[in-house]
Amino acid sequence: MSELGEKVMGQGPFGMKYYLSGALAGGICCSITHGALTPVDVVKTRIQLDPVTYNKGMIGGFGQVIKAEGAGALLTGLGPTAQGYFIQGWFKFGGVEFFKINLTKKLGEKTAWENRNSIYLLSSAMAEFIADIFLCPYEACRIRLVSNPSYASSMVGAATKMAAEEGFVTAFYSGFVPILFKQIPYTMAKFAVQGKAQEQIYARTKTSPENPPPGGVIGVSLASGVIAGVAAAIISHPADTLLSKINKGGAGGDGSMFSRMGNIVSETGVWKLCTQGLGARCVMIGTLTAGQFGIFDIVMNAVGASKFHFHDPSH
Numbered sequence: 000m001s002e003l004g005e006k007v008m009g010q011g012p013f014g015m016k017y018y019l020s021g022a023l024a025g026g027i028c029c030s031i032t033h034g035a036l037t038p039v040d041v042v043k044t045r046i047q048l049d050p051v052t053y054n055k056g057m058i059g060g061f062g063q064v065i066k067a068e069g070a071g072a073l074l075t076g077l078g079p080t081a082q083g084y085f086i087q088g089w090f091k092f093g094g095v096e097f098f099k100i101n102l103t104k105k106l107g108e109k110t111a112w113e114n115r116n117s118i119y120l121l122s123s124a125m126a127e128f129i130a131d132i133f134l135c136p137y138e139a140c141r142i143r144l145v146s147n148p149s150y151a152s153s154m155v156g157a158a159t160k161m162a163a164e165e166g167f168v169t170a171f172y173s174g175f176v177p178i179l180f181k182q183i184p185y186t187m188a189k190f191a192v193q194g195k196a197q198e199q200i201y202a203r204t205k206t207s208p209e210n211p212p213p214g215g216v217i218g219v220s221l222a223s224g225v226i227a228g229v230a231a232a233i234i235s236h237p238a239d240t241l242l243s244k245i246n247k248g249g250a251g252g253d254g255s256m257f258s259r260m261g262n263i264v265s266e267t268g269v270w271k272l273c274t275q276g277l278g279a280r281c282v283m284i285g286t287l288t289a290g291q292f293g294i295f296d297i298v299m300n301a302v303g304a305s306k307f308h309f310h311d312p313s314h
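According to numbering that gives the first Met the number 0, the sequence shown is numbered sequentially starting from 0.
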């Protein structure tokens, strides 16, 4: 078994500096990508929350928002988005690196290689659960601001007003179960599919992370990220719609979180829950995920860290 400080699958050693580098790279890549796609997310959320008004698709939705509220409305929620996703990315990407390396150490290299997809799935699920505890309040503020731009003039203002009106738990954690249903399957698919797609790209081009194809490691990360993003978007979309609706003031009635969720599903219908805004979300998440993996690798290289990759120990 590998101990702390020793190499894992011929890479490393992996210590606190590596995990902090991964966390920092994760925070930066998630904050930049989610922040940059705020206008897309504003339109997507409007389509999910008010499909009767916003019924002209993604492109038409941009025009509707700008006509009704001005171009500045497309940046609604930018503050909580950038801050919340920096914290979420810190724990998600840093956590995935921590868990997958330490699971590999515990299992041994041969067993880990044979079960690498399961390690991706378990590592990403654990990391995402931790990350969502910190993300949920930011997401609640963002959705409230997007659904009702006049509610408050800032994230701090929205948070203060929500807490005063509804209480801390109701205001910030009503969407915790939906966010888990959305984010955990999304993150599991994102990392597992990206890992598999990356592996296939290297295999088909007869290259490796140490000897990459012409596009380089970043090119592989971008291509595999697009594939992973679309798959993850489809899997997590019903919960994303539910999360958007439950954080809209008054949605689903006044009962418990689960009672409100049930009411929203009944009112919306399962098919609409799965398809409302899906095209926009595939574009958004495909772009976002590719960008995240690309920026993650760039930042890791900039801080002098080399990302851990599964390798067949028999070769």
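Think of the hints as simulated: they come from the structure by calculation, not from any bench.
Only a predicted model underlies this, so the values are computations on that prediction, with no experimental measurement involved.
It is possible that part of the hints are untrue.
Said to hold, decoys possible - With a Cα cut of at most 30 Å, we get these calculated DSBU-like pairs of lysine-lysine:
| id | residue 1 | residue 2 |
| --- | --- | --- |
| 1 | 195 | 306 |
| 2 | 195 | 16 |
| 3 | 195 | 105 |
| 4 | 16 | 160 |
| 5 | 55 | 66 |
| 6 | 16 | 104 |
| 7 | 195 | 205 |
| 8 | 6 | 160 |
| 9 | 271 | 104 |
| 10 | 16 | 109 |
| 11 | 6 | 109 |
| 12 | 105 | 306 |
| 13 | 109 | 195 |
| 14 | 16 | 105 |
| 15 | 109 | 271 |
| 16 | 105 | 6 |
| 17 | 16 | 306 |
| 18 | 306 | 205 |
| 19 | 6 | 16 |
| 20 | 66 | 160 |
| 21 | 104 | 160 |
Checked hints:
{"no.": "1", "hint": "195 x 306", "result": "holds (16 Å)"}
{"no.": "2", "hint": "195 x 16", "result": "holds (27 Å)"}
{"no.": "3", "hint": "195 x 105", "result": "holds (22 Å)"}
{"no.": "4", "hint": "16 x 160", "result": "violated (39 Å)"}
{"no.": "5", "hint": "55 x 66", "result": "holds (13 Å)"}
{"no.": "6", "hint": "16 x 104", "result": "holds (18 Å)"}
{"no.": "7", "hint": "195 x 205", "result": "holds (15 Å)"}
{"no.": "8", "hint": "6 x 160", "result": "violated (51 Å)"}
{"no.": "9", "hint": "271 x 104", "result": "violated (44 Å)"}
{"no.": "10", "hint": "16 x 109", "result": "holds (26 Å)"}
{"no.": "11", "hint": "6 x 109", "result": "holds (14 Å)"}
{"no.": "12", "hint": "105 x 306", "result": "holds (19 Å)"}
{"no.": "13", "hint": "109 x 195", "result": "holds (17 Å)"}
{"no.": "14", "hint": "16 x 105", "result": "holds (20 Å)"}
{"no.": "15", "hint": "109 x 271", "result": "violated (45 Å)"}
{"no.": "16", "hint": "105 x 6", "result": "holds (13 Å)"}
{"no.": "17", "hint": "16 x 306", "result": "holds (12 Å)"}
{"no.": "18", "hint": "306 x 205", "result": "holds (20 Å)"}
{"no.": "19", "hint": "6 x 16", "result": "holds (15 Å)"}
{"no.": "20", "hint": "66 x 160", "result": "holds (28 Å)"}
{"no.": "21", "hint": "104 x 160", "result": "violated (47 Å)"}
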